[in-house]
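Sequences and hints are given; from them, build the entire structure.
Protein chains in written order, with this note's numbering: chain A, 5 to 236; chain B, 5 to 236.
Just so you know, these hints were derived from the structure itself, not from any lab. There may be inaccurate statements among the hints.
Said to hold, decoys possible - Covered by chain B, per the in silico footprint, the following chain A stretches (three or more residues, Cβ under 8 Å):
no.	segment
1	14–28
2	75–89
3	97–109
What the hints assert, rightly or not - Far from chain B by the CB rule (all over 10 Å, computed), these chain A residues:
no.	residue
4	R31
5	P57
6	P114
7	A117
8	K120
9	P129
10	P145
11	R152
12	P166
13	P185
14	R193
15	Q194
16	S198
17	A202
18	V204
No residue lacks a Cβ here, since even glycine has one placed at the ideal position from N, Cα and C.
Given next are the chains, with one letter for each unit.
There are 2 protein chains.
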Amino acid sequence: MTENPSPRLFPIVNADVALFTLDDALRLRVLLIQRANRPDPGGWALPGGLLKPDRDDSLEAAARRVLADKTRVELPYLEQVATFSGPHRDPRGWSVSTLFYALLPADQVPAVAGSKTESIAWVDPEAPGRALGFDHGLMLPRALATLRAKVRDGALPLHLLPSHFTLTELQKASEAILGRPLDKAAFRRQLKSSGDLAAVPDLFVRGAQRPAQVYERAAGYRFGDGHVRNDT
Amino acid sequence: MTENPSPRLFPIVNADVALFTLDDALRLRVLLIQRANRPDPGGWALPGGLLKPDRDDSLEAAARRVLADKTRVELPYLEQVATFSGPHRDPRGWSVSTLFYALLPADQVPAVAGSKTESIAWVDPEAPGRALGFDHGLMLPRALATLRAKVRDGALPLHLLPSHFTLTELQKASEAILGRPLDKAAFRRQLKSSGDLAAVPDLFVRGAQRPAQVYERAAGYRFGDGHVRNDT
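As structure tokens, then:
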């Protein structure tokens, strides 16, 4: 790595990403990377890396590049959470890091691989089970709160689900993010006013009582454009 | 200004601030500065400046310093909106700027002065009436949307009001931010459940029908901790 010629004048600029998905039991999970490089080799952290002005057109582009490098996946949805800064958060010097969260469809989890030198782990964002480097222990709850607020304000977490899903799976995904159960009747009533879902013609899966219609994301659906409210 | 020795490796890092207040008619206003320095001398912009790693402990501290330098006021409330970035937003090179919004009590407006070389203007944030430099024309609506969302979610804009105010003035301030009228009975009902206000003993002002109780911020009040909802 090129050393900063003048760390007193030019802070380090990073992009970090909290990549969320659902596991097989539709529980919310976030990706951690075991770092191979300085600083803090062997330590666990959110995936992230230095902005490269000669390669990146924006901090968001840097976040996408870093995550593609580290995980081999392209992200359908990425959103800025907040920017963290200060002289002591990174041992390399005064640093700025813009945190994003991203949503990975559950059926793409197997495609996520560590690099040759870095291990990965999918952990419970509320109980990651290991100390995180830098100030990532502060970042992760902020990312979770931002995702939650979005779902509470009515965003359907379709970018976390596989390409085809049932309404029961959609409700479970919303509940996993919010951390509390939702009323089924009210949830379905709200979905009816949403143009975000499209029924897949003639596709059903066996349900507890009767076959359940299979849905997919409506064309042009974008996380966070929805108007359902989940605060009842 | 020291030139960046390696702009391809180290982006410029800025802090910019949308400083909101209320004018005498309780209309929402935002501060613009007419720049004296490169780039864009003579152009209008939100107040902002370069992060100084040798002086600032965080981007927020940089925002407070910049605003104190440019306006001679200390801010009671400052919050991050988002970070803007890219190779073309600043003619000096690849740059990152973290945008904050801040709230200035209406009775402190006269204390805000330009510097020897820079003029200021208080303008309607929805119709600033002049082109803004950099990408500040994108920043301003984002700052306004963040402030609005906070008030819609129940934050009382007490940091925009003078130290003493009536409930009618508080409602007018909320309406100025939201850009729409609020139902008086519902607004007052919601205020009753709020611990954010303290009646000033024996202090009343003449009202349209009867004397109106004068209030002040409760001790420890912090914008955004409130729980009133204004989305009815």
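Here's how the hints hold up against the structure:
1. 14–28: Three-residue rule met by the segment 14–28 of chain A, so holds; n is 3.
2. 75–89: holds (count 4)
3. 97–109: Satisfied; 4 residues make the cut.
4. R31: holds (28 Å)
5. P57: violated (4 Å)
6. P114: Fine: 33 Å to the nearest Cβ keeps P114 of chain A off the interface.
7. A117: holds (28 Å)
8. K120: The claim holds: K120 of chain A sits with its nearest Cβ about 26 Å from chain B, beyond 10 Å.
9. P129: Holds: least Cβ distance 21 Å, greater than 10 Å.
10. P145: Holds: least Cβ distance 16 Å, greater than 10 Å.
11. R152: The claim holds: R152 of chain A sits with its nearest Cβ about 14 Å from chain B, beyond 10 Å.
12. P166: holds (31 Å)
13. P185: holds (22 Å)
14. R193: holds (19 Å)
15. Q194: holds (15 Å)
16. S198: holds (18 Å)
17. A202: holds (29 Å)
18. V204: holds (34 Å)
Violated hint for the displayed structure: number 5, the only one.
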